[in-house]
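Asker: Given next are the chains, with one letter for each unit.
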Amino acid sequence: MKRAAYILVRNPLSLTGVILITLVVFGALFADFIAPFPEHRGAVVDFANFNKPPEWPYLFGTDLVGRDLFSRILYAYRISLLLGAVVLAIAVPVGVTIGLVAGYIGGWTEYVLMRITDVFLSIPPLVLAMSMMGLLEPTLTNGMLAVTAMWWPWYTRLVYNLTRSEKEEGYVLAAEVIGASRTHIIFREILPNCVPSIVTKMTLDLGFVILIASSLSFLGLGVQPPTPDLGSMVADGAKYLPDSWWLTVFPGLAILVAVFGFNLLGDALRDILGVDQ
Amino acid sequence: MTGLLSLRNVSKVFTLGQREIRAVDDVSFDVEEGECLAIVGESGSGKSTIANMILGIYPPSMGTIAWRGDVLPARRELRHRRAIQLVQQNPLSSLNPRRSVGASLRLPLDVHGIGDRSHRADRVGRLLEEVGLPAEFMNRSPAALSGGQRQRVAIARALASESDLVVLDEPTSALDVLVQARVLKLLAELRDKRGLTYVFITHDLSVVRNIADRVAVFEKGCLRELGTTEAIFANPQHAYTRRLIAAVPVVTDAEVALRKRLMENDNAAA
Amino acid sequence: MSAPTLRIADLGLGFRTWAGPVEVLHGISLHINKGERVALVGESGSGKSVTARIVLGLLQELRSARISGTVEFEGRDLDRLSARERHALRGTRMSMIFQDPTSSLNPVYRIAPQFHEVLKRADPAISEAAARDRAAALLSAVAIPEPERALDSYSFQLSGGMNQRVMIAMALANEPALLIADEPGTALDVTVQAQTLALMRDMVEEHHTSVLFISHNLGVVREFADRVYVIYKGRIVEHATAEGLFADPRHPYTRALLSAVPRITGGGIPEIEDVSEDYYQPLVVHEGCGEPEGVA
Amino acid sequence: MPPVVRLLAKRLGTSLIVLVGVSMLIFTIARVIPGDPARIALGPNATAEQVEALRERLHLDEALPIQYGYFLRDLSRGDLGISLYTNRPVTADIAQFLPATLELIVVAGLMMILIGLPLGVIAARYRGSWADHAVRIFTLLGVSAPSFVWAVILMLIFAFYLPLFPIAGRIADSYAIASVTGFLTIDTLIAGNLAAFGNAAWHIVLPAFALSLSGIGQAARLTRSNMVETYDKPFIEMARSYGFPERRIARRFAFRPSLIPSLTIIGLDFAAMLGNAFLVEAVFAWPGLSRYGVAVILRKDLNAIVGTVLIISAMFLLVNIIVDLLIAFINPRIRYSQRAS
Amino acid sequence: ETVLRLDEVPVGELDPGKATDYADSILMFNIYDTLVIPAQGGPGYVPHLAESYEADGNDFVFKLRQDVKFQSGNPLTAEDVVFSFERIKALGQGLSFLFKNVDGAEKVDDTTVRFKLSQPYSPFVASLVRLPIVDKKLVMENLGEGDGEMKDWGQAFLSANGAGTGAYKVVSHNPQEETVMAKNADYFLGVADAAPDTVRFRYGLEAATVRTLIAQGEHDISSQWLPPEVLKSLAADGAQMLKETGGGAFYIKMNTTKPPLDDVNCRLALASAYDYASGLKMVAVTDDVAQGSPATGGVPVGMYGAKPASAAMNRDLEAAKQHLAACKYKPEDFNLEISWIGEVPIEERFALLMQANFTELGIKSEIRKLPWALFTEQVTKPENTPNISQIFANAVTGDPDTLLYPMYHSSAAGTWQSPEYLKDEAVDAALEKGRAETSDEGRQAAYTALNDRLMEIAPSIYAYDRQSIFAASNRVKVPALSDPAKAFGLDGFGFTFRLMEMTGE
Ligand SMILES: Nc1ncnc2c1ncn2[C@@H]1O[C@H](COP(=O)(O)OP(=O)(O)OP(=O)(O)O)[C@@H](O)[C@H]1O
Ligand SMILES: Nc1ncnc2c1ncn2[C@@H]1O[C@H](COP(=O)(O)OP(=O)(O)OP(=O)(O)O)[C@@H](O)[C@H]1O
Ligand SMILES: [Mg+2]
Ligand SMILES: [Mg+2]
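Protein sequence lines, in the order shown, are assigned to chains A, B, C, D and E. First residue of the first sequence? That's 1 in my numbering, and the numbers climb one at a time after it. First residue of the second sequence? That's 1 in my numbering, and the numbers climb one at a time after it. First residue of the third sequence? That's 1 in my numbering, and the numbers climb one at a time after it. First residue of the fourth sequence? That's 1 in my numbering, and the numbers climb one at a time after it. First residue of the fifth sequence? That's 1 in my numbering, and the numbers climb one at a time after it.
Possibly wrong hints are sitting among the right ones.
As the list claims (entries may be wrong) - Mimicking DSS-like on lysine-lysine, the simulated pairs with C-alpha atoms at most 27 angstroms apart in a straight line are:
1) B:Lys185 x C:Lys233
2) E:Lys63 x E:Lys169
3) E:Lys328 x A:Lys52
4) E:Lys321 x E:Lys364
5) E:Lys89 x E:Lys116
6) E:Lys169 x A:Lys239
Calculated from the structure, these hints are not laboratory results. Computed from a predicted model, the values in this text were never measured in an experiment.
From just these sequences and the hints, can you work out the full model?
Answerer: Laid out in structure tokens, this is it:
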């Protein structure tokens, strides 16, 4: 804890990350109080003010049915961050574990696990999502499930290749010689050494996961209007570039801020997780 | 009677592209319970390879290794793991750079359930102190240790499991003499107290002289000579052994004299 | 008299860690004249390797390190040199043999290209084939039995001693003015150790190379060094000629060290305290051994 | 047989098994995706009888294993059936659309390697400096909008405001190039028409860049974070102490040991683009397989779905094998591992 | 050489037996000819490949022109007409349903064909604009593999090649990328010099791409699917707006089988609460150009039975409240499912508009995005069909029958056009009468009755009458899409390339 605080305080970039993320989370949590038009998160249309460029009181302009983009972005953070967090919270542990196990244990285990991963990876995500739709209710939860299903194998491959290299290191031998269990070697010895790559990928994936929501909602899975989500806002707005640029640019910047914050934080996290106490 | 550990016709061949390297060539010897067997030999003579095979890090290409009369399987069981420990030659890579010294030291305690849980941290501290390091070092990362300090951590870790046999691959060559003395003493004490057995790989014949019961001399993957320390130093049979002893750097005049004597023998024999 | 090859004056070093600052060097001074072999002996963790790193300018880049004092190389204050000038010295005018050779060689390249890289420091135009020939010659000089195989191997395919010899060959390859040898003998068997020490001695004499020889193997020091500094916990405690030191060790710590050396004649491991208040006694300088006046 | 070839053969063999697995799975999935293929194919106005007749012709009323049997029988003749969407043989469609996409993603893949990796190296080498931050912002921008949004933005900037690049298509209308391989860059060279080659190459730049942005970002970030780790290793200190040029240390000594994650991700990205490039293809009017794939999925064009997915899977497996081999090549310790598994 | 470049959504279907979409229609109208074509500047149909035609009881007899040659050089004969008809029936795809009531076609002599109908069916002549006449000889020479005498009916050949008499020939065709067509110099009516020499018809361009291409002078006519905002900015940049009126409307359909919309009062409440004016504002491009004009009822303005343009639908919240009060369901007891088609982004805005409008009545609702494929699947069962669906429908032949019958006849329930599942005897009767009547007055009366009934029971909200707006460069003049006096009453027919003029700007 002390170490974490020390690392955060010493590196101004990490601190920036903390501040950005705090702002984003704060904005999402207290959107009801901050948003100038809280009702614009829902079923509101205002054709007197639609498709307006940024101007008072619409800081970020209005969308095609006249809702305040700034307010919607604040609310969108809620669902987008939730989506990102949930997907990563499931996909990363699953993918990482499989990759570690396959890479470390080798033999038949590796063979079977990696071929299963291959199958998942080689089916295009859209097909996977569509088939989910055939089988499941089109709710947000199932949408997250679908994204998770297409996400974990990336971590598996990443960690698998790292593990193959790490297991040749002396410290793995040392642990084996001591008689440490496979679980220990995999999770306590090798995993910490894969953390930099995993964390880096995770901080980037946050952006991707937020964006994937747009393709999910294109398929009718996931977030449905009028609930705002950043991915759909960016994606839908692109049709109206360059004229109604604010429709794309502000949600895009909102994602950038979140991803940027997490990335800075990720770098710090790497240092904090650096040494296992 | 077979010893605690016996190697029978053990060979190890590495393939390097098209080429084959016979790192260990048809070696047989026993390690008796409670003894300290030193393995000396030129660099690249296969000492570390033997150590790695004893530990089951890789299997011998030929031959068998038996533990208390049972041939050791390729996949070692936990009891074998506990019974045989290793101090690796390369102290940097044998410590996980992402785990603190304390975490690395605690591992054998946890794995083999040594001591009760709440006192393990203290135990780790004591282990560090035993090898001459302050207990606070348990919070450090290996990167912040000097070469010798790392080596001492590795030794402490091998001792932590309270095993029957410890294979020490150049355990003290990175240590200064004071610490070396201390570690050697510790090793000797533990041997007495717990009846440990050591396979001690080193170049330092002065050390060998002072702690080993028997010495095995290797050259080019072959076992050249195996005898009691006394015998080897008093009357080395093999020319290579004599050369080894003659080359030892020494600090006292008495030692210079001994060296001279052996060198003369060698010249006479040649 | 020309300036010493290396002069260190009042060098201090501390690290900032999350647990608070750690002082490692408490103002040490030492010098090496041209062609001189100077040993730095001392306890493990006493600050030998970090001193070497500072001389090479490697620690200066570490953000958590705080360095004070002066380091002069051939009369030039390293602090005043530009980064480029400092850089130009490395690998050409000074080189180093690392303590842990196996991890100091790059695991993903074979030895040959790494050697090529070293030789290019002195002769940027050297061809791969020429570099290989030269490397093979240098490797035979350090008694590597099959130099060709070693060149085609990765560091993890060589034994510890072989890696160390590779490092030694690399360090000597460009005939530097200052060679820092951080425990060069540790992983070598005694015959090879003797051989390489002899080789280093020849080299040094021939090219008037100065050597900073870091070791705790007092036997080796005795056979190799002209002058010895004994360091204890970041302080120099004794400074003497090699002969003088072994004949008449004056500092309690030096005496302890000497008596702790196991003897080839047997006699067991001596009983010596490894921590003692006495070891903190002030510096003892033998006659004729003093630090030159600062002329920066 | 050299070990690499043997390994390759073995991996290719197992890939075939995976491919069979994928084919069964996708065969099932294609039938689970909502929508009645016959109805969608026949258009909104078809009568129930028409739909029934088509269902029968497609064997849709039979049990799934029997349908799969038909599929295998046809496949053995190299026949993937007729696309209900384009009304052409699926094989013809794939043959036409695959080269266009491959051409695009090969260039995109090269961009990931040639831009992403060096950016990562620069960021790691100048860690904490303005260059590092500039690279960070650039790479994070890449993940803050989907590739097709970048496609639109790039098109607007570099084709609209600054008309430096062509807007759409694979080559200017004025060139008539006979299709030999389907790869326009190659066909133009075969035709010996350098101007056309230049024009075709020029057309690839923007879409490939838009596609590769996210990969560039990932490759750069992963390279950076791993190189930062590697920079702490003793062998880097050794290289420094020998005064190897910093640039060489970065490019060789620290770079190669740090390459594994970036290479893995580039490989995955490369393969994934086959399925994900559709929106970029749409923006740049690129007649590629990805777009075809999405269209057929949305229209539930069974034969075409199965055919496209199989091709994509096969490409994917191939790329993965290459990546695995490359990684073993990059890290000799994997290659020469002595460890019993 | 002049080149005309335009785009549509994919795919371009070249086979006359399968063509349905707007893109397909454009291909058919240029590569093939039909016996009749819509009259220019007014309602009705005029002979084209036919010299003349007459009704004979239920049957119709056509006399062919003798000066017509196919692009292959083969002369047009009655056999080709019979073949074309039999082929479309045999394939049973595309628009073949239009000929359900036609029992057969018969060659009377080389230039005379008789179509035999099973019942009086006045929209038949209109249907013929959807029967492209195919070069039988050429097709027979190019039959692909298949069972039976006709093998594959030339499907393989016709999916990649043209076999018509049209003013343009296929140069190359890739159904997902582009069809290139060139002027047919031997066209039987001749082609004006000003008409484009080459036409590049691209499929699937993104809005932003089209916007850029037109601005850069690399594209001539956009598809009708551009969002109004994009059209607006193109217009602001100086692009001309081409307009195609009539033939279709935007319908908001209510599932009449599920509560609460099985109660007519509830439906009427929604229809009164819907904000027609805002909806139109959404599709407005400029002050005088919009993608829609006010709806007046169930039948688009200009068709038989339509109300005059002045009788525009209007929001009436008071009336809505009264209707709701009469409804047997309480607004707080239900949650309406408003669906929209994922492929048509503007529908999302209408969904939001409805949601906001209905909220004012205290009705809760939930928006669902449905991809087209899923939507077509769901509407096949009344219980899966959403409460509210949004549909753009048009008369594929220009005849009101092809618009209204598939939407509202009880036998047609459960398709994408009829998610109302309307079962109403009066409506059925009116629709059947509309088909059977042959006189204009008779049809007018039938459809007026239908329209009244549709207003009374409100199975749909008649949101607006659709107009297609195309942005175009100034290099091309399209009288049929810019001058009402030269317009055709059939969707897509304005894209007859031979009637366009390249200005050479
Ligand atoms: N990066 C660092 N952060 C904190 N402390 C460090 C760091 N590097 C070295 N130290 C500490 O500095 C002291 C001196 O280390 P150094 O490597 O110079 O020892 P040494 O004299 O070479 O010992 P040995 O003979 O064991 O190699 C040690 O106590 C070590 O723990
Ligand atoms: N993984 C490997 N692949 C190929 N050859 C190897 C491998 N490991 C060791 N060797 C070779 O085997 C021989 C014996 O090596 P080993 O490490 O056992 O020597 P050693 O006796 O421990 O030497 P040192 O005292 O220098 O550590 C050497 O020639 C070495 O090059
Ligand atoms: Mg060894
Ligand atoms: Mg050291």
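Asker: Now, for every hint given, state plainly whether the structure supports it.
Answerer: Do the hints match the structure? See the list:
1. This hinted pair checks out: Lys185 of chain B and Lys233 of chain C have alpha carbons roughly 22 angstroms apart, not beyond 27 angstroms.
2. Proposed proximity of Lys63 of chain E and Lys169 of chain E is supported: the alpha carbons are some 25 angstroms apart, at most 27 angstroms.
3. For the given pair, Lys328 of chain E sits about 42 angstroms from Lys52 of chain A by alpha-carbon distance, which is inconsistent with the 27 angstroms threshold.
4. A threshold of 27 angstroms between alpha carbons decides the hint, and for Lys321 of chain E with Lys364 of chain E the separation of about 15 angstroms falls inside it, so the pair holds.
5. At most 27 angstroms may separate the alpha-carbon atoms for a hinted pair to count; Lys89 of chain E and Lys116 of chain E meet this at roughly 13 angstroms.
6. Only pairs whose Cα atoms come within 27 angstroms are accepted, and Lys169 of chain E paired with Lys239 of chain A is rejected, the gap being roughly 34 angstroms.
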